[in-house]
Amino acid sequence: MKTLKRLTALLLVVVMVFSLAACGSKESGGNDSAQTSGPDDSQNVKIGVLVSDVTSAEALAFRAYYEEYIQEQYNVTFMYSDELADAAAEASAIDNFIANNCKAIISFASADRPAQIEQCEQNGVYYAVATGTLTEEQYEQYKGYEHYVGAIGPDLYTEYMAGYNMAKYYLDQGYTKFGMFGGATPYYTEMHIYRAAGMLVAMCEAGNGTYMGANDMGSMIGAIYGAGCQLEPAVIGDVELVGYVAGYDFDDAWFGKLAAVANDPSVEVLLAVGSGQTAFAGFKQANQKLGDIDCYTADSVALMESGTLDYLAGKFSASIGPVFIAVLSAVQGHPIRTEEGNAFAISQGYWVATSAEQAKEYFEVDSSKTEPAYTRAMLDTLYGASYSDLEAFVQKYSFEEIKELAK
Amino acid sequence: MNKTKTVEIKHMSKRFGPTVALNDVSFEAYRGEILGLIGENGSGKSTSTSIFAGMQAADEGEMFFLGEAWAPKSMTDALKQGVGMIVQESGTVAGITVAENIFLGETKEFMRGPFVDRKRMFAEAQKALDQIGAGHIRAEMVTAALDFQDRKLSEIAKVMAQNPTVLVVDETTTALSQMGRDIIYGIMNRMKEEDKTVIFISHDLDEIMEKCDRLTVLRDGQIIRTFTKEEFDADQIRTSMIGRELSGSFYRNDFDSVAGEEVVLEADDLCLGNQLDHLSLKLHAGEILGIGGLSHCGMHTLGKVLFAAEMPEAGTFTVHGKTIRNEAEAMRESMGYVAKDRDVESLCVDASIKDNISVAGLDKFAVKNFLILPSKEKKYVDAQVEALRIKCRDADQYVSALSGGNKQKVAFSKWTGRDSEILILDCPTRGVDIGVKQAMYQLMDQMRKEGKSILLISEEMAELIGMSDRLLVMKDGKVQKELLRSPALSEADVITYMI
Amino acid sequence: MGNDTLIRKENRKAALFRLAPVMGLVFLFAVFLILAIIKDINIPYSFKNIINQSVVVVVAATGAVFIYTLGSFDISLGASLCVSALIGAMAYNVTGSVLVMLLVCVGVAVGISLVSSVLASVFNLPVFVTTIAMLSLLSALVLVLIGANGTGDVIQVPAAAVRGINNVWFKLIVMVLYLAFCIFLFDFMKLGRKEKFQGGNPVCAKLTGLNGKKLAIAAFAIAGIGVGLGAFLTITYAPTLSRNTASSVGMDIIISIVFGGMPVSGGARSKIYSAAIGAVSMTLLNQIMLTLSLDSGVGQMVKAMIFILVVYISMSNHKGNILPR
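Residue numbers (this note's numbering), protein chains in the order written: chain Y, 868 to 1274; chain Z, 7 to 505; chain L, 1141 to 1465.
No lab work stands behind these hints: they were computed from the structure.
The beta carbon of each residue, even a glycine, is placed where N, CA and C say it ideally should be.
Careful, some of the hints might be misleading.
Estimated spans, in silico, between C-beta atoms of each pair [stated by the list, open to error]: (1) Y:Ala931 with L:Val1438: 12 to 20 Å; (2) Z:Glu216 with L:Ile1448: 31 to 39 Å; (3) L:Leu1432 with Y:Glu1007: 36 to 44 Å; (4) Y:Gly1123 with Z:Ala63: 41 to 49 Å; (5) Y:Leu927 with L:Val1284: 28 to 36 Å; (6) L:Asp1435 with Y:Asn911: 14 to 22 Å; (7) Z:Gly111 with L:Ile1448: 23 to 31 Å.
Simulated crosslink set (BS3-like; lysine-lysine; CA at most 27 Å straight-line) [what the hints assert, rightly or not]: (8) L:Lys1330 with Z:Lys385; (9) Y:Lys1044 with Y:Lys1010; (10) Z:Lys370 with Z:Lys16; (11) Z:Lys370 with L:Lys1330.
With the hints as extra help, turn the sequences into a complete structure.
What follows is the structure, given as structure tokens:
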């Protein structure tokens, strides 16, 4: 019996080995001579999507835009990964996509972006980053890769400014006592670190003080990293950061700390670098203000209507449309490159709502499956476009600008 | 016999894979009788009765209980309807109290609101224990704390608490001391007097002839013959059982000990709890040293201590002059130990015959004492299977599928295979049919003649007297008396010192 | 004669049950191939992918079979793999030597295993109890190591350093060598026999001269080697390590071993091949789910059902096989 088992095992190994030997021959790349009249809908294109979050409202909204709008409009099929926890899971997911003949990968996962780019380049699969950007060093290293399409999303300065603007909105109204939720800051997540830095710098400027000896963007980022990304409450001149909680433990202790910050009677404004509705909405006192950087959902609109939330800087789900069309364009032989022939890196900002009406209007557009912010007609204008056209299009990201573009 | 039939089995057949356990078996039992079932291991005694008691289902055949068609769903179901069975091996759950075992599955009878009225349950259980004469067992004790005999008695109490019409006693008495046996005999007699039925399974021919009114002999899954009381004849019954005349002597028939002067094992002043009390003994080369006593006298503990499986609190013991600290060292000094609780201590029943035999002899056949070549292992194991005539499909068969006698042979062959010079045998023929028993006695005698030494711990007087060169009678952890081999030595002589 | 036919029939039936996990693997393989043809899958790349995705679990779980054989359990293997990989990566960053990284990975994993088993031996506890404590300890250690590294939330080995060995052939060689080592220990050495017997009946094993504590320590040490190699292979595949590295490996090991037909109670029926068969089967199953584009939740449910079915078939063999006497 053991012999039979061994034989079976051996057979499997032999089949695998032979198949691997066949790995040597790679398929040829895209067809560069195609016309740029518009997307070619004659052949289905499989696109893999790497996600590290599959449950948040933002992640679901992005997925709905791709699967319920883009997939209906174009002859493409999106394959989504499971929730990716680490770099090895990302590499496995990319391998899965390649095995399933995906021609391109759009990444929302950031455990190891350089490894993702390398893996895709080695295997001749186009790769783009949605809702984020590479660091400058990374961009310099990979911009010339043939299969690296580029990145569209808030760059770190945009993130910094999102935090800065939100805090300033309240400081300008004369509020001075703040409670803060630092999200993934202790996990060294840059996006949240920069947003937190923006808020702290705004407080330093308004209060004429310093936080950990820093009072501008550069020194603040340095100070945060210097402290191991662990922030503490502090008096910042005339302004005070009364309470601070971070992490995503979701246990009783974590909720207890959040409640303690919200229950502190001196705290006037609760600020969150992200997930503020989850963290603070349940504990916020009636006289307190709550500002969050997140996305537009039915829940967030309801919170704004009820007065629980009064400032929301949110990504809009169609913001990932341009990166899709750039990827499709590349797959079909019309890559959009900068004048130097490099991959693009374009920053894109948030929609900011400070009233329920605004939020409601944004959400209606954002959640539409027929007329989303970026429709096929708008995106088709970018197919095979020049870098400058793409950049100009993406940078007009505010709600009003997009409405103009749609006309 | 004009009495009412309580049990009737017609054309019953049962297979376990390729093994035919029952082949067209029919028999009946009546009110007011004790029916004996006798046969070698694997003859079908337990299988047929266990089917009647609801433990398993037959493949073919019909059953009737008090004239009605009978198809119990489980043992509990059968017991509730009046058919109880006391099984050979332990049928209790170790981690719960005696009372919970007695009323297993019936706790709802004791519910008071959402809670079990444990006080009432304990009282009822104690009553059941007292009724069978096992009042020394406390109902609130955890079953694991009881020894084999008391666990068995608590099981009997469980069955008797339901006041069954038919009671099957399967090979229970051989595991018990005289006191335990007397309890069972008392129950059997009482049931008979109450016009109920007892089916009594035993390997002990004398016992079964004495207690039963009729005797049915099974062999290889078939009924061979039923003897009425008047027809009882030990030789004829034996012949029916094994299908041939039993040739040669049963026990050894010499009275000239060949035991040498050389002491191979010496214990000096051993103490351990209430089990060993300043006990000393010497075992010589070529000697069978019998250890007898009541079940609680400490003799089973002595066996474990001398194999270094338990450490004495005081005193020393040496083997070939060396102090032994654990079982591995004992094995290095060529010792072997067959424990009383065969399925738990002597064998891994969920492993093959090969696994069981070879694990004790790895150092005997492993190349350079580490590498196992399948061919060498097979040769080693097959030699043992052959030498002890273990009845099996092949050595890869699982021990769990063997009959009691063959299991015991496997346990023996672990140690005979590695040519152990000192064997500690604790109740080696418990639950073994006479054919196997005789083979084992012959093997022990053979080993003795080869200069090997055996410490024979047993609860069977006849075995001790029949096989031992010397017999130490233990009581309360002490050696009460040393008796030398003699044709004049009788069970009464031994019992005098036991009690 | 008639009985011989029955015996042969019975043997065949038992063999079929024993082979259930292998047949499961072959079945999954066939389904995968059919789907691959229908759904336009890159088959050569898929094989490479299957090896990449299963190698770490194959290696770690094959070592863990020694622990399961004892009827024991180690819940901390995933955390141990993470810590070994982190310390191995740090060792590389200090020395620049891949060999040192390999040795450190294996050394740390074996060390962790030994701590678990020796502690259990000293305090006379079931080993799985100490592994629960180790799980907490190691999870904390992961955070400390990443924090101590001071460069962010990851510990990285330069991708170039491991690019040379991040290929399927190298992984296959490591896997085959370690499997051969384990098969040799398990089936052809005294140690394997003793482990199986100890797992089958520790009481009887003790009375047959086996030292349960030493056997546990040996089993954990062998498992440690597997975990160390798994850590090393994890680094070669994805040289960026974080607090989430190998977070699913612990559970994957358990699933693979059981999926491969290993009895959870250990003992004589334990099979050293079960981990490899189970791990590859699970990977194939994942691939099938992905190819069918099944929603993650549905996929998990289908996997769970197939898992129960395979385990039921492989275990039902010895349920009905017990004669009362």
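Quick one: which hint numbers does this structure break? Sort them smallest to largest.
-> Hints 2, 4, 9 and 10 are the ones this structure does not satisfy, whereas the remaining hints hold.
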